[in-house]
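A.B. asks: Spelled out from the first residue to the last, the chains are:
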Amino acid sequence: MRVGIPHAGNIYIPLRTIFKELGTELVVPPPSTRRTLDLGVRYAPEGTCLPFKLTLGNLIEACELGADSVLQAGGIGICRLSYYAKVQKQILHDLGYDIEMLTFDVSQNKLVGLLQLIKRVSNNSPWSKIISAFHFGLAKLAALDNIEKVIHKVRAVELEKGTANKIFKESIKAIDELSEHAALKKITTEYIEKLGQMAKDDRADPLKVGIIGEIFVVLDPFSNMDLEVELGKLGVEVKRSLFFSQWTKFSLFLNSLGIDEWKRVHKAAMPYLKRDVGGDGWESVGEKVLHAKEYDGIIHVAPFTCMPETVAQNIMPSTKEDIPVLTILCDEQMAKPGMLTRLEAFVDLLKFRRRRPKLTSGTRGNRENLSWH
Amino acid sequence: MKTYLGIDVGSVTTKLALLDQDNQLITANYLHTQGKPIAVIQEGLKQIERQMPPNAEICGVATTGSARYLAGVIMGADLVKNEITTQAIATMHYIPNVRTVIEIGGQDSKIIIIRDGIVTDFGMNTVCAAGTGSFLDHQASRLNVGIEEFGQRALKSKMPVRIAGRCTVFAESDMIHKQQMGHQTEDILYGLCQALARNYLNNVALGKEIQPPVVFQGGVAFNQGMVKALEENLNTQIIVPPHHEVLGAIGAALLVHEETDINGNKTQFRGFSTSEAKYHTSAFECKACPNQCEIIQLSLNGKVLARWGGRCDLWERTATSHKDL
Chain A
1 MRVGIPHAGN
11 IYIPLRTIFK
21 ELGTELVVPP
31 PSTRRTLDLG
41 VRYAPEGTCL
51 PFKLTLGNLI
61 EACELGADSV
71 LQAGGIGICR
81 LSYYAKVQKQ
91 ILHDLGYDIE
101 MLTFDVSQNK
111 LVGLLQLIKR
121 VSNNSPWSKI
131 ISAFHFGLAK
141 LAALDNIEKV
151 IHKVRAVELE
161 KGTANKIFKE
171 SIKAIDELSE
181 HAALKKITTE
191 YIEKLGQMAK
201 DDRADPLKVG
211 IIGEIFVVLD
221 PFSNMDLEVE
231 LGKLGVEVKR
241 SLFFSQWTKF
251 SLFLNSLGID
261 EWKRVHKAAM
271 PYLKRDVGGD
281 GWESVGEKVL
291 HAKEYDGIIH
301 VAPFTCMPET
311 VAQNIMPSTK
321 EDIPVLTILC
331 DEQMAKPGML
341 TRLEAFVDLL
351 KFRRRRPKLT
361 SGTRGNRENL
371 SWH
Chain B
1001 MKTYLGIDVG
1011 SVTTKLALLD
1021 QDNQLITANY
1031 LHTQGKPIAV
1041 IQEGLKQIER
1051 QMPPNAEICG
1061 VATTGSARYL
1071 AGVIMGADLV
1081 KNEITTQAIA
1091 TMHYIPNVRT
1101 VIEIGGQDSK
1111 IIIIRDGIVT
1121 DFGMNTVCAA
1131 GTGSFLDHQA
1141 SRLNVGIEEF
1151 GQRALKSKMP
1161 VRIAGRCTVF
1171 AESDMIHKQQ
1181 MGHQTEDILY
1191 GLCQALARNY
1201 LNNVALGKEI
1211 QPPVVFQGGV
1221 AFNQGMVKAL
1231 EENLNTQIIV
1241 PPHHEVLGAI
1251 GAALLVHEET
1261 DINGNKTQFR
1271 GFSTSEAKYH
1281 TSAFECKACP
1291 NQCEIIQLSL
1301 NGKVLARWGG
1311 RCDLWERTAT
1321 SHKDL
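Respectively, the protein sequence lines represent chains A and B.
Residue 24 in the working numbering sits at position 24 of the first sequence, with consecutive numbering throughout.
Residue 1186 in the working numbering sits at position 186 of the second sequence, with consecutive numbering throughout.
Among the hints, a few may not be true.
Here are the in silico distance ranges between beta carbons for each label pair [what the hints assert, rightly or not]:
1) A:P271 <-> B:I1262: 39 to 45 Å
2) A:M198 <-> B:K1278: 53 to 59 Å
3) A:D38 <-> B:I1176: 32 to 38 Å
4) B:L1206 <-> A:P271: 36 to 42 Å
It is worth saying that the hints were derived from the structure and are not from the lab.
A quick note: this is a predicted structure, and the numbers were derived from the prediction, not measured.
Just so you know, even glycine gets a beta-carbon here, dropped at the ideal spot from N, CA and C.
With these hints in hand, go ahead and build the complete structure from the sequences.
C.D. replies: Structural data, given as structure tokens:
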């Protein structure tokens, strides 16, 4: 089997590790580029969301490299994601790629389903081998996310702009290529120390901006046009709670033990939204409420036409917890200069606000929700 | 005399404003960009040089508008600032108690919400140019009405026609239809103003809390018809501030004045000889990855000053200080 995968941030790294350990060929398509998006846009239904178009482009590029089967997330009752696999399979067949669609169910039976899927594509490898490969893959994911958490802080205060990003790229490459599980911890510590030793502006008290929204566009830098890097250039420290490693930790393991990482967030959202609305909409509302006091501002990132996030976007202005929110809708029409103008203006707004934190005349939250029209 | 220069290079027009140390406007210029930002910046500089008092010295330069980075490199700007912030700063300078700013320019429109002297919210159109200056310009010439007399003639309307303003294509076909039905040009002109005011309030201003004092600025604020249409729609008085068409440039100058006062830095301004320099831009396609970004390169006397347009930082390079030349 030659299994093709779509991209979503760094998710290819754990997958590559798991497949390599098991001796199954994985076809990682080239990183998402303009061409990937053009391909996706050309063959996807017009009104569908950016993650659908972009992952379709990835799968087409994987097929061009000879994939005979492709992996895609699916499930029931989530959002449009539940029909991604079915529709993309049909589109790939229409294009003449006679592939098998392997669907990883992210709504139920997650851990067992995933392990069974791996067992099947790895030509019935023994469970012991699968578990150890799986463990290694997830450890890499966690290591990358731990480094990224440090990156978020360092980018804002580094003296020579771009240094942290360079180290981040090196660390991604090193961890991707690493084949010894035992060496992972050492490498991770080395990079974190390297970041710690960088020349930084120690007196800076950077603005703290929370990034919330739909998980794919939040975690995929191509989709959000390097939002976090741009914020770093503007001297802003990024705060986010969405990480793939956090998702796997809870969704695959802890949720089944009754531990729900979003419980606090859902509780915070309750006065304004009492139920799941699909995707990450409920969480977006909750995160705004929860972090209103902690952060200077929030950037809400969502795919254009995403229903769960559109629901969240429209509820957010009415919360009494007051914090400026800038919504950025991502789609193939998005242009970087327009985004930068808004980011710069938003950062100015937050700076002015910090200088004069006490707003009088009963300013309420609904005046502080910005949107990308 | 110390002076501060602000330049706002927009898609349709370029504005320059020179302030003295008391932030009084000495002179301002309003030019058409005509797709040639470099040439128009140089022309604007020449005009400023002629209009400057003999003892004046430029102590700070700031750029804003959609070509702010390009203009910043050419001028040797001390500050490059987005147009939302500069507009807000300048409006608060003239109308300190302002709570809502409506700005309609050549290709974009914005709303800025201000409370107690700080910007608390803003919005900006991206999806559609309906209701911006370029569209009004185009329709005026199609109706054979000079853009300068558009507003005055629209005010003469007694029975404005209802025009679909959601989209420029529909608005245009609707207008042609009304013309063919025999409606008066005045009624069509004012109908268009009403349609554009509705479109603005339903798109850019959607969900924003518009509170008086409401200030209307940008090139389109010259149009008395638009002022009246907004007043009717919002049921409140609309203030068109002084120098409303150059407020972005004034805001940039105000900010650079404040900044140089705080940090005491000397200006990086390349001097008025910039207006004679031979700048050259060229473009090439980067082949480093399949993104195939179009990289724009700005050079002076064969030396590359700046490159931009890439998704990554591969080609980015700026040399804004005079020493590097």
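A.B. asks: Work down the list of hints and note, for each, if the structure agrees.
C.D. replies: Quick rundown of the hints versus the structure:
As the Cβ distance of P271 of chain A to I1262 of chain B is approximately 43 Å, the hint placing it in 39 to 45 Å holds. The hinted window of 53 to 59 Å between M198 of chain A and K1278 of chain B is violated, with their beta carbons roughly 41 Å apart. One distance hint, 32 to 38 Å for the beta-carbon pair D38 of chain A and I1176 of chain B, holds here, with the actual separation near 36 Å. A hinted range of 36 to 42 Å is violated for the C-beta pair L1206 of chain B and P271 of chain A, which are about 24 Å apart.
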